[in-house]
Amino acid sequence: MDILTALLQGLPGFGGMSDQGLFITGAAVMATLMFTVMALCAIVFTWMERKVAGFIQSRYGPMRTGRWHGWAQAVADMLKILGKEDIIPAEADKGLFVFAPLVVLLGSLLAWVAVPWAPGFVAADLDLGLFFIFAASSMVVIGILMAGWASNNKWALYGAARGAAQMVSYEIPLALATIPVIMHVGSLNTQDIVIAQQGGIWHWFILRDPFLFVAFWMYFIASIAETNRGPFDMPETESELVAGYHTEYTGMRFAFFFLAEYANLFLVSLIAVFVFLGGWWSPIPGLDFAPALTFVIKGILMVFLNMWVRWTLPRVRVDQLMYLCWKVMIPVTLLCIVGSGILMITSGAVG
Amino acid sequence: MEGLLFWFCGSLLLLGGVMMVVQRSAVVSALWLVFAFLSAAGIFAVLGGTFLAVMQVLVYAGAIMVLFLFVIMMLQGPVMDGERRLMHPALWPLIAAPPAAVLIMLAGFLRGDRMVGFAGAPAPGFGSVVQVATLLLGRYLLAFELISIILLVALIGALAVGRGERKLPWK
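Quick mapping for you: the protein sequence lines, in order, are chains L and U.
Position 247 of the first sequence, counted from 1, bears residue number 247 in the numbering used here, the numbering being contiguous throughout.
Position 51 of the second sequence, counted from 1, bears residue number 402 in the numbering used here, the numbering being contiguous throughout.
Since the hints were derived computationally from the structure, they do not count as laboratory data.
Certain hints may be false.
Stated by the list, open to error - Stretch-level coverage of chain L by chain U, calculated; a stretch enters the list once three of its residues show a Cβ under 8 Å from a Cβ in chain U:
id, region
1, 122–133
2, 141–150
3, 161–169
Stated by the list, open to error - Have a look at the derived ranges for each label pair, beta carbon to beta carbon:
id, chain 1, residue 1, chain 2, residue 2, range
4, U, T485, L, G251, 49 to 57 Å
5, U, L487, L, D19, 30 to 38 Å
6, U, I446, L, T25, 32 to 40 Å
7, U, L503, L, A28, 44 to 52 Å
8, U, A484, L, P314, 39 to 47 Å
9, U, I498, L, D19, 38 to 46 Å
10, L, Q320, U, V453, 33 to 41 Å
11, U, I498, L, K94, 39 to 47 Å
Computed from a predicted structure; not experimentally measured.
Note that beta-carbon positions come from the ideal geometry of N, C-alpha and C, so glycine has one too.
Start from the sequences and build out the full structure, keeping to the hints where you can.
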């Protein structure tokens, strides 16, 4: 945001603006930018997901819309969704039904505020950055419960209950897995976390010590569960729950859930990148000419990894999901914290 | 600017509190409570307690209220009916008397120059993670650890009550 304010100050017509005016304009520009990126990633990733799924299942995926490998398929789908009839079930709780998709979208959009795109380029340079991201994305759970309840449909309610249980549980290993990194950096600020990883791939936190390596994979597994994607897509299991908490939603309101899902997918991938995979630093030191591009490319590679897992592994059962979280991942992440701390003390990094 | 935000969040908090009490549906009322918690987080943030604000959202709005909603959704029917029967209109003044008395006492206490409203943001660094962590893991370490034992006891107690004594895993 600092860079943006400086940029605005240089533009004709903005020079004479007061600090507060500049702040508000900068915030508005940043919010528009974030929302555009979010909407774009939903469009790009739906196409990418179909192509990846096709590739993994030895078929083509969309090929016709827009000539080149069906690139316009996602755009066409979005237009179709916008034109659909907006249905609110007669027995639904109208207010909550309308409001729920907005809460879900708000939760994931709010979390984007603290993502460090490039040196000095972050919408809000918060001291509690990482912590803020986790807090904001925890609001998504409330939105999902609202949607499930307001639909007045037992499948939707089951889906919401599963989604809430899963997301509340996996939030714990997700946050715990990042604690070793926070101990190394000594700050929760997202910019500081990336700056601490300067100087080539061996300085990235994933390769700093063996416990951090394990913590990264724990984070990765938890992030799949947190975004409700396969093999942990229990809230949406088609064979059991129709479509889960968004069964009754159509048109634009469904599009909000859709948008939030892909925005969340990209968000958890970006968190993985800036916490463990060096953020905007390139793997080879000295090649950092396009920090934001490096950051986004790494994020897209993480999204690809996520899709790869989704289309390769079969779905787990609900009890297996809970067993994995509480009896495997939480103890392992706690062990990572202790182990990384011991290594830090023995190597003399802290007194 | 801060003063304006303080009063804005304060009025939202009041709105959330009132709406929570007057709702007929327990689920909607719980969601208004979430709204009130978020406004309270806003007040903390304005007052410089960003850590407290984020904690408020993460723990209260994001985790505890989710459990509340869970329980309410599961128990909706029977509990609500029981409550209706209990709440005979003749009992309302009796129930409203104690909170009203407290409110009047509070108003009396805050009258005059004690009622300052927004007194400006505190010094930078106040309520930061470092400060909270130093206090929690330094001066109040014992109390902090004892609380976790109390929570563990409560957890085991809930397990014992919920499953019946004979079905406990260690029996």
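For each hint, the structure was consulted:
no., hint, verdict
1, 122–133, "holds (count 5)"
2, 141–150, "holds (count 5)"
3, 161–169, "holds (count 4)"
4, T485/U to G251/L: 49 to 57 Å, "holds (52 Å)"
5, L487/U to D19/L: 30 to 38 Å, "holds (36 Å)"
6, I446/U to T25/L: 32 to 40 Å, "violated (51 Å)"
7, L503/U to A28/L: 44 to 52 Å, "holds (48 Å)"
8, A484/U to P314/L: 39 to 47 Å, "holds (43 Å)"
9, I498/U to D19/L: 38 to 46 Å, "holds (43 Å)"
10, Q320/L to V453/U: 33 to 41 Å, "violated (50 Å)"
11, I498/U to K94/L: 39 to 47 Å, "holds (42 Å)"
Violated hints, in rising order: 6, 10; the structure is consistent with all others.
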